[in-house]
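J.: All chains should be modelled from the sequences, with the hints used to inform the complete structure.
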Amino acid sequence: MENYFILPFTLGMITLFVILFIKYGLWIARLSHIDKLRIIQCIFTRRTWDAIVESVMEGLLHRSIFKRNPLLGYMHMSLAFGWFLLIVVGHIEGFLCYGTFANAPWIPIFFQYFVHYQFPGERIMTNLMDFLLLFILSGVLLAYFKRLNSKIFGIKKTTKLKPFDKMAMIALWFIFPLRLFAESATAALYGNGGFLTNSVANLFILIHVTPTMESILWWAYSISLGLFFVGMPFSRYMHILTEVLFIFLRHYGIKLKKQFNSYSRIQVYSCSRCGVCIDVCQMHVANISNNQSVYILKNIRDQNLTDRKLYNCLLCGRCEQVCPVKINLNDLRISQRIRATKEYNSDYAFLQSLPNETPTTGKQPEVIYFAGCMTHMTPGIKKSIVKVLDKANVNYIFMDKEKGACCGRPLMLAGQYEAAKKLIDFNRKKILESGAPVLLVSCPICYKVFRDDYELGQITIKHHSEYFLELVEQGRISLKKSNSSIVYHDPCELGRGCNVYEQPRELLKKTGTLLSAKQEKVMSLCCSGSLGDLSLSMPDRNVIKAETLKVLLQKNPDVLATACPLCKKTFVKGVNIQVKDIAEIVANAME
Amino acid sequence: MNTEAKKQIWSSYQKEIADNNYYYARSCIRQNFFPASEVTFLRILREELNKNIFDDPNHTTCTGIGYHSDIVPFDTIQTVVARHFALMTEAGLENVAISCVTSFGMYTEILDLWHHFPEQLEKIREYLYKATKREFNIPKNIAHTSDIIYKFRNEIAEKAKHKLINVQTGEPLNVVEHIGCHYAKMFPTKGVGGAEFPQVLSGMIESWGGNVVDYPERRHCCGFGFRNYLVQANRGYSVSNTKKKLESMKPYKPDFIVANCPGCAMFMDKWQYTLAEMEGVTYDEFGYGIPVLTYEEMAGLVLGYNPWDLGLQMHQVQCEPLLDKLGIKYDPKAKYLDKNGNQMPLPEKPSCLKV
Amino acid sequence: MIDVLIIGGGIAGIETACSLQDLGYETVIVEKERTIGGHLNNWDTLFPTHRPASEVLEYYTEETRKRALTIYLNTYVTSIIKLDDGTFEVNTSRDVIFHSKTVVIASGYSLFNAERKEEYGYKIYDNVLTSADLEKKLKTLNGEFKTPTDKVPEKIAFIHCVGSRDEKSGNHYCSKLCCVTAVKQAIHMKQICPQADIFCCYMDLRMYGPGFEEMYREAQEKYHIQFIRGRLSEVGENADGTLQLKVEDTLAARPSKIKVDMLVLMVGMESPQSTALFKETCGLQCAPNRFIQPNDHHIGSNKTNIDGLFTAGTSIGPMSIFDTINHAKASAITIKNYLSRN
Amino acid sequence: MRNFGFTTTKSRTIDYEKIDTRLISYILQNEPSFNACLSCGSCTAICSAGNLTSFNIRKLSLQIRLGDIENTKLEIDKCMLCGKCLLECPRGINTRNVIMLIKKGLNIIDKNEI
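Protein chains in written order, with this note's numbering: chain A, 1 to 591; chain B, 1 to 355; chain C, 1 to 342; chain D, 1 to 114.
In short, the hints are calculated from the structure, not lab data.
Bear in mind the structure is a predicted one, so any value in this text is a computation, not a measurement.
Note that CB positions come from ideal geometry on N, CA and C, so glycine has one too.
Some hints here could point you the wrong way.
Unchecked claim - Restraint ranges, calculated between C-beta atoms of paired labels, are given here: (1) D:Thr7 x C:Glu167: 32 to 42 Å; (2) A:Pro539 x C:Gly170: 41 to 51 Å; (3) B:Gly304 x D:Thr7: 34 to 44 Å.
T.: See the structure below:
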């Protein structure tokens with residue numbers, strides 16, 4: 001009769017397992033056939049081990065958060081790893097006491113209540129459990145503080161909560177203090193506590209603790225556990241287990257598709273809302289604080305994502321770089337845009353009626369050059385590219401010299417996937433027909449889409465910074481070093497988008513003194529001109545740009561170099577120093 | 001609306017109109033579509049106002065329709081007009097009274113041309129002499145016949161048997177006046193009130209007790225536009241313009257329309273039938289259409305002439321509701337009797353417009 | 001013998017007097033109305049800040065009082081005669097003859113009489129106002145704004161260039177301030193009648209001054225005022241008393257008709273009749289636009305063809321308050337140079 | 001209805017009483033900067049789609065204001081969303097968002113949701 005208090009816990013746990021079983025079962029069942037095959041093929045390979053290691057490192061130890069913010073990392077770690085150990089050690093304790101691991105699930109949870117007698121290693125285990133409890137409680141204490149004042153964690157904003165989240169969170173906050181009090185009450189009555197529980201028990205003895213009070217405390221502990229378990233699948237704490245599932249699937253090579261599918265859903269539910277992405281988002285500069293990835297994922301879960309939030313993102317990818325769970329935040333957002341706009345894709349019927357002429361050079365061309373819309377707005381870059389190609393004696397075709405269709409990336413960014421495919425087909429045909437082995441592009445926006453979506457077969461796609469470096473290395477052009485100091489801005493699409501960081505720097509080092517910026521390479525700031533954002537107003541863009549420029553120009557360089565016509569156009573209206581594309585710098589430095 | 005200020009503006013331009021002794025230049029359209037209008041005009045001038053007006057059997061069309069449809073050369077037309085002046089000169093007259101607004105525009109234009117290019121006048125004199133052995137003087141005064149009625153509107157008002165008042169309510173009738181484009185839009189100084197505010201018809205209406213409706217499309221063309229009507233494929237354009245006017249005046253519930261140009265009167269009348277047949281719309285409250293009168297017919301009604309003698313039965317939109325409002329007695333049986341009292345064939349009934 | 005006689009007690013005249021007093025000269029102002037301040041008395045708010053016109057007026061009233069400026073009110077000049085000794089004899093309606101070393105014409109402007117554009121229906125249709133009428137209405141506004149026919153307006157149109165840039169009005173020149181005034185008034189109307197649709201029909205928008213373009217943009221973006229590029233051709237009255245405007249939307253290249261409850265005509269500035277009188281009595285040279293011809297457009301805009309006769313403010317052409325005050329200050333310095341040389 | 005071999009033509013006159021404001025209100029609600037257009041035409045001159053077709057975004061923006069939804073449907077599909085107009089606009093109008101709002105607006109008008 002007096003053991004009924006285990007019911008809330010037990011029912012809660014059963015509910016949790018049933019729900020998780022159904023949810024995960026459905027998600028995995030809904031993965032594509034190929035993805036399922038991938039899982040089966042990889043399950044007995046090293047990948048599983050890697051996934052286990054990462055699960056421990058990230059899911060339990062929260063290494064990535066630790067790296068970014070030790071205090072926040074400690075908080076996450078103490079809760080996750082501490083609790084995990086509490087369960088593991090609890091089971092060992094049960095084993096030591098009963099001689100078997102096949103105990104009822106509530107035995108390790110309420111061990112102190114059930115076992116008042118001595119068993120081998122009892123003192124060590126009790127004190128170890130007390131230590132773990134203290135470890136967790138320190139994390140809980142930090143969590144209280146974080147709610148009250150997130151700033152001490154170096155976080156500017158914290159996430160807002162829904163009722164289920166609140167319930168689960170409050171339950172979570174109570175679980176461990178209640179466990180402490182319940183165990184202490186038992187210790188006060190039966191003297192079976194460790195160093196922590198005994199200390200609290202000494203206080204309890206002062207107020208004459210009774211078995212009824214003990215019972216109430218164990219009930220409360222059980223209820224808070226039960227509430228937490230019931231609330232968990234409907235709250236952000238769902239991430240605790242989903243994250244592990246995601247880590248495994250990721251290791252098995254499952255990739256995010258353009259369409260929002262079951263894997264996307266797993267990613268969405270893997271977000272722990274640690275808030276690291278909020279911190280790195282440049283939108284704060286413009287006082288925009290409702291559109292960061294964590295909110296978007298939350299909105300996707302709650303199905304209340306508005307267009308304004310969905311489209312108000314530069315898609316710079318900085319949040320993706322810091323996400324401890326490595327969620328594909330950009331692609332998730334784009335998949336939402338695809339979903340939101342799928343009813344009104346254009347068919348570009350006019351492309352069919354355009355004269356289909358692929359320019360030729362007579363000889364076998366080495367390169368086909370695609371300038372793209374943005375390069376046509378920066379004639380300096382276009383002229384420089386042509387100058388370098390001529391100087392190096394490259395036999396090339398200028399694909400869109402007079403007229404050209406857009407590459408499709410801007411459409412892609414807006415979610416117009418079907419429409420973009422039409423443009424891709426149109427351009428793809430021209431590129432393939434040219435017979436050139438290399439596609440040269442001078443705009444990272446185009447570069448990204450050519451690499452990811454064009455399926456150009458044997459043709460290698462090169463950004464001009466890569467190609468020019470090759471020309472230098474092959475001795476087809478030589479560069480003269482000047483004494484001007486240069487700071488390089490990594491365009492989002494080229495750097496984080498295509499992992500090209502070093503070639504532009506190599507080239508720049510040959511033409512001048514390259515200065516480093518405080519935030520560069522993977523953490524480089526966005527210029528604010530991004531086509532990824534549809535709703536950001538011009539004044540807000542200007543504010544963000546000013547902040548980026550402040551970082552870039554800290555060391556007073558002579559030249560601000562970039563490798564993207566859009567970045568150049570964006571910066572040029574905000575600074576007094578020279579803003580040059582790498583193509584222009586190379587063209588000027590040619591001997 | 002400040003009507004006083006409005007009236008002041010509308011009467012601010014006046015022109016000189018001869019007092020007596022006119023050479024009458026008839027109108028092709030008027031005598032065909034409103035066969036009693038010109039007779040009524042002559043009757044009013046001769047019987048009511050005791051004026052001398054010469055109705056010459058020798059005069060011809062001015063060829064204005066041919067001119068505006070690009071099939072008669074301008075030199076030819078000038079010679080035809082010169083012949084009319086010769087007939088006037090031969091009749092010992094100096095003032096022309098022109099029944100048609102397009103003719104009025106043609107005469108005015110030609111005189112203006114001769115004024116600026118005297119060599120052209122000499123050439124035309126030569127042409128006319130070669131062709132007919134006639135010679136001519138430039139008329140002293142050119143007036144449209146509506147100008148003459150306007151000039152004597154107060155005399156007519158004195159003799160009026162009926163006023164433009166709804167006898168059932170005692171309220172003045174709402175009258176839409178429409179001025180032909182060629183009356184004053186080409187030579188504003190040649191029209192009473194100029195181009196923007198021609199007063200020639202509104203003056204008559206107000207003198208005879210009616211209320212002039214000022215509606216937004218008051219100055220818009222009736223839709224005739226010669227070329228637009230003469231080519232069947234273009235008629236949609238013509239009827240659309242009329243529709244625009246009718247739609248604009250409809251909210252004012254006009255009791256009738258009066259026009260000084262025979263073409264305008266014809267089109268605003270006949271197109272109401274066409275629009276009713278094509279689109280099922282009428283522009284009055286009860287489905288009869290808005291009656292369209294020439295100013296001669298209006299003057300005739302005011303002077304108490306028999307509506308059937310005025311030829312009102314020849315209109316598309318029937319005039320009986322208007323006659324009832326004016327309190328004019330008429331014999332419905334006599335409507336389609338000819339001048340000898342024989343029954344004429346009855347017109348077909350339109351499918352939409354009530355008769 | 002007074003140093004400077006100033007004709008006109010508007011802001012140009014008062015500012016000239018103040019500046020001259022600071023430079024140590026004795027001035028007399030002659031004003032035809034019974035108060036000083038000129039047109040500013042009838043104005044509600046000023047562009048581009050929407051500040052009450054009364055603030056500026058109060059400033060000058062206070063200055064006048066503090067400085068004890070000599071002003072003859074209800075007095076108008078009947079002739080200016082330049083004497084052989086280079087001084088001036090100025091006759092007035094009051095049988096007072098002034099003798100002064102110099103004269104400043106600060107007689108300002110008069111508003112274009114919108115009745116001259118008959119087709120716009122001013123004084124014919126009740127709901128046609130001029131920009132000046134609207135200012136008066138706003139100045140005395142008590143409670144809800146209603147049109148002259150007592151309706152809360154749902155649609156209002158502002159017509160730019162009434163009597164300006166119009167050969168038919170006899171004025172080829174641009175009055176310069178009507179554009180920005182229209183934008184200011186449109187914003188004001190939108191603020192007090194938020195439900196109203198507001199149109200501005202313009203030929204060109206000349207937002208030349210500081211803050212003007214910004215205000216125009218605000219009018220578009222924040223107040224959703226619709227700018228239609230096209231000049232009003234004709235106004236008709238609908239059966240329900242609303243006005244029907246015919247304007248070509250020249251950007252769409254299509255005629256348009258707009259039904260409005262109230263029409264505001266942005267009347268331009270004209271040279272006042274007195275200028276013609278001065279021209280007659282002392283041979284003052286006027287420009288083809290009938291305003292006084294400055295002796296030199298660039299470096300002598302306060303001078304006239306007559307030595308000792310100066311101008312301040314809009315007597316030489318349309319000017320904003322900002323420009324007028326500067327021109328008046330410049331006038332004072334020009335006069336100082338003249339007086340100290342002679 | 002009788003056929004006379006001709007019909008009335010629709011008036012070209014813009015009647016502000018009869019303008020279909022569904023699309024323009026939807027756009028302005030979500031992108032107020034659209035109202036700041038000066039009709040300068042720089043967007044149109046630089047337009048990638050305009051280089052390949054008759055697409056004229058300046059004209060289109062006027063037509064949208066005047067409620068010409070049918071023509072907008074035909075025209076808007078030509079835009080490739082490349083964003084050159086965004087960089088060119090002297091009034092900083094968020095043109096790409098306007099385009100997406102037009103597309104969405106037309107879609108929800110089709111569904112009778114506005």
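J.: Check the following: the C-beta atoms of threonine 7 of chain D and glutamate 167 of chain C are separated by a distance inside 32 to 42 Å.
T.: holds (41 Å)
J.: Measuring from beta carbon to beta carbon, are glycine 304 of chain B and threonine 7 of chain D in 34 to 44 Å?
T.: holds (43 Å)
J.: With respect to the beta-carbon atoms only, verify the hint that proline 539 of chain A and glycine 170 of chain C lie 41 to 51 Å apart.
T.: About 45 Å separates the Cβ atoms of proline 539 of chain A and glycine 170 of chain C, which means 41 to 51 Å holds.
In summary, the structure agrees with every hint in the numbered list given earlier.
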